[in-house]
Amino acid sequence: MKRIIAISMLFSLLGAPVFAQDAAKQEKKEAVKSHLKQHFKPYGFIRNYFTYDSRECIAGTGDLYFYMPKDENWNKTTDPALREDLNDVSSFRFLSLTTRVGLNIVGYKWRSTEFSGKIEADFFAGISKVGTGAHAVSGTAQFRLRQAYVALGWDSLPMLNGKEMARVDLTIGQTWHPMAADLCDVIALNSGAPFGPFNRSPQVRMDARLGKFVTLTAAGLWQMQYNSTGPDGQSAEYMLYSKTPEAYLGLSVHNKGFLMRAGADVLSISPRHLGETNDNTGNPVTVTVKDRITTASPFLYLQYKKGEFSIKAKTIFAEAGEHMNMNGGYGVKKVNADGSYEYTPTRTSSSWISLVYGGKVGAQEDKHPQKLQGILFAGYVENLGTKEALATNTDGSLVGFYYPRVKNMNRMWRLTPTLLYTVGKFQVGLEYDITSVHYSDGKLDPANGLSQNGLHWVTNHRVQLMTKYNF
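Mapping of the sequence shown onto the numbering used here: residues 54 to 524, in sequence order.
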């Protein structure tokens with residue numbers, strides 16, 4: 054008996070280090086799991102769109118990102134029986150391009166500095182055009198970066214009055230443009246564009262919350278995905294040679310369910326760095342030039358939420374707002390003897406309003422609460438023409454006018470009622486979008502950059518069903 058006890062004790066002593074190592078490994082594994090769970094928050098959704106359009110449209114991302122209906126395109130015939138608008142053709146598509154994944158990184162701190170970050174990506178239209186048709190209808194989706202930034206925060210900073218405290222956040226990386234951060238309530242991929250700004254850009258942004266109700270925001274931004282237009286189309290090259298970041302300054306006032314935000318965006322780009330002039334013998338020669346155009350776009354945003362009701366509204370006066378997915382551009386107003394150009398921007402007034410009402414429905418005792426929401430969006434855009442007259446050649450044509458979409462759009466409006474039903478993490482939405490554009494014959498008046506002859510309305514009816522599973 055004593056021998057058995059002694060042998061048992063010997064095995065216990067020999068096995069203790071092994072048990073201790075296993076316990077340590079398990080403890081380390083649990084610590085890693087706890088760390089990951091505490092600091093890394095994955096999220097995303099799987100989203101599908103089923104979309105019908107009553108006519109040909111200007112759109113991107115597999116025709117899901119809708120801008121406006123195309124102008125009439127009448128065939129050339131003298132036979133009334135065969136005369137028809139070639140853009141008056143309906144279409145249907147089913148795509149899941151906009152499925153998204155993201156990772157929030159939170160909870161790190163060094164002394165008084167808080168650190169956080171975000172990486173977000175989704176699938177984009179890697180679809181390629183085939184044949185001679187009007188649409189890109191074949192291919193596979195590409196994975197693209199949406200947001201990637203690090204944020205530093207400092208809390209409980211004393212203010213000059215000695216009574217209230219301030220908080221300062223510094224964001225470095227790619228995220229929403231400050232003018233585009235407040236989006237309307239629609240299920241459409243365009244989030245209300247081109248009636249409101251839509252832009253994510255690399256930036257350095259400072260948000261200073263001064264007391265309880267006021268936040269001051271200042272940012273310097275660069276262009277990457279959403280670019281200004283120019284002689285070579287839309288490109289980040291014009292900012293590259295300007296060597297000047299886009300600048301934003303804004304002020305927010307927030308109290309309970311009310312939010313007011315006002316600000317202005319200033320952009321200065323160089324459309325050309327090479328020009329042409331004549332030497333002393335009269336021969337043309339290529340020279341470097343310092344072309345530049347500077348624009349300013351102010352905006353105002355209002356929001357009020359109470360219970361199951363919310364209302365949002367935004368208005369913006371945009372000078373050459375094409376880099377924010379709005380209607381806009383600019384043109385040449387003067388040709389100088391040294392080969393450089395002077396420019397004048399187009400001006401556009403864009404406004405939208407969205408209302409949401411709805412709450413819980415049915416039995417809510419289970420783990421999948423239900424909610425039915427009614428949403429209404431309305432938007433209006435007015436083309437105000439160029440700020441100054443455009444320069445013309447000897448034959449009367451414009452020296453240069455850079456406008457990435459349709460130059461003969463005078464005004465447009467959109468009305469979008471939506472029903473959105475949520476069951477736990479699953480959503481299904483049905484949206485009807487009616488967008489109407491006031492087109493002209495396309496001949497621009499150099500005095501104001503407007504085309505106001507042959508005016509006619511063109512309307513598209515879009516019906517869209519969306520399914521979305523959030524995780």
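A couple of the hints might just be wrong.
Straight-line C-alpha distance at most 25 Å; calculated BS3-like pairs for lysine-lysine [claimed, not checked]:
no.	residue 1	residue 2
1	Lys309	Lys387
2	Lys359	Lys440
3	Lys265	Lys296
4	Lys359	Lys265
5	Lys296	Lys358
6	Lys413	Lys358
7	Lys216	Lys343
8	Lys413	Lys343
9	Lys343	Lys265
10	Lys359	Lys343
11	Lys420	Lys478
12	Lys296	Lys387
13	Lys420	Lys387
14	Lys359	Lys94
15	Lys420	Lys309
16	Lys296	Lys343
17	Lys420	Lys343
18	Lys478	Lys413
19	Lys440	Lys478
20	Lys478	Lys90
21	Lys424	Lys521
Using C-beta positions, here's what the derived DEER-type ranges look like [as the list claims (entries may be wrong)]:
no.	residue 1	residue 2	range
22	Leu205	Ile99	44 to 52 Å
23	Leu156	Leu483	26 to 34 Å
24	Pro95	Gly215	36 to 44 Å
25	Thr193	Leu483	23 to 31 Å
Treat the hints as calculated values from the structure; they're not laboratory data. Cβ atoms here follow ideal geometry from the backbone N, Cα and C, with glycine treated the same way.
Right, here's what the structure says about each hint:
no. : hint                        : in the structure
1   : Lys309 / Lys387             : 51 Å, violated
2   : Lys359 / Lys440             : 41 Å, violated
3   : Lys265 / Lys296             : 37 Å, violated
4   : Lys359 / Lys265             : 19 Å, holds
5   : Lys296 / Lys358             : 41 Å, violated
6   : Lys413 / Lys358             : 16 Å, holds
7   : Lys216 / Lys343             : 50 Å, violated
8   : Lys413 / Lys343             : 60 Å, violated
9   : Lys343 / Lys265             : 46 Å, violated
10  : Lys359 / Lys343             : 52 Å, violated
11  : Lys420 / Lys478             : 10 Å, holds
12  : Lys296 / Lys387             : 23 Å, holds
13  : Lys420 / Lys387             : 66 Å, violated
14  : Lys359 / Lys94              : 29 Å, violated
15  : Lys420 / Lys309             : 29 Å, violated
16  : Lys296 / Lys343             : 11 Å, holds
17  : Lys420 / Lys343             : 63 Å, violated
18  : Lys478 / Lys413             : 14 Å, holds
19  : Lys440 / Lys478             : 49 Å, violated
20  : Lys478 / Lys90              : 20 Å, holds
21  : Lys424 / Lys521             : 14 Å, holds
22  : Leu205 / Ile99: 44 to 52 Å  : 33 Å, violated
23  : Leu156 / Leu483: 26 to 34 Å : 31 Å, holds
24  : Pro95 / Gly215: 36 to 44 Å  : 43 Å, holds
25  : Thr193 / Leu483: 23 to 31 Å : 28 Å, holds
In terms of the numbered hints stated before, the structure departs from hints 1, 2, 3, 5, 7, 8, 9, 10, 13, 14, 15, 17, 19, 22, listed from lowest to highest.
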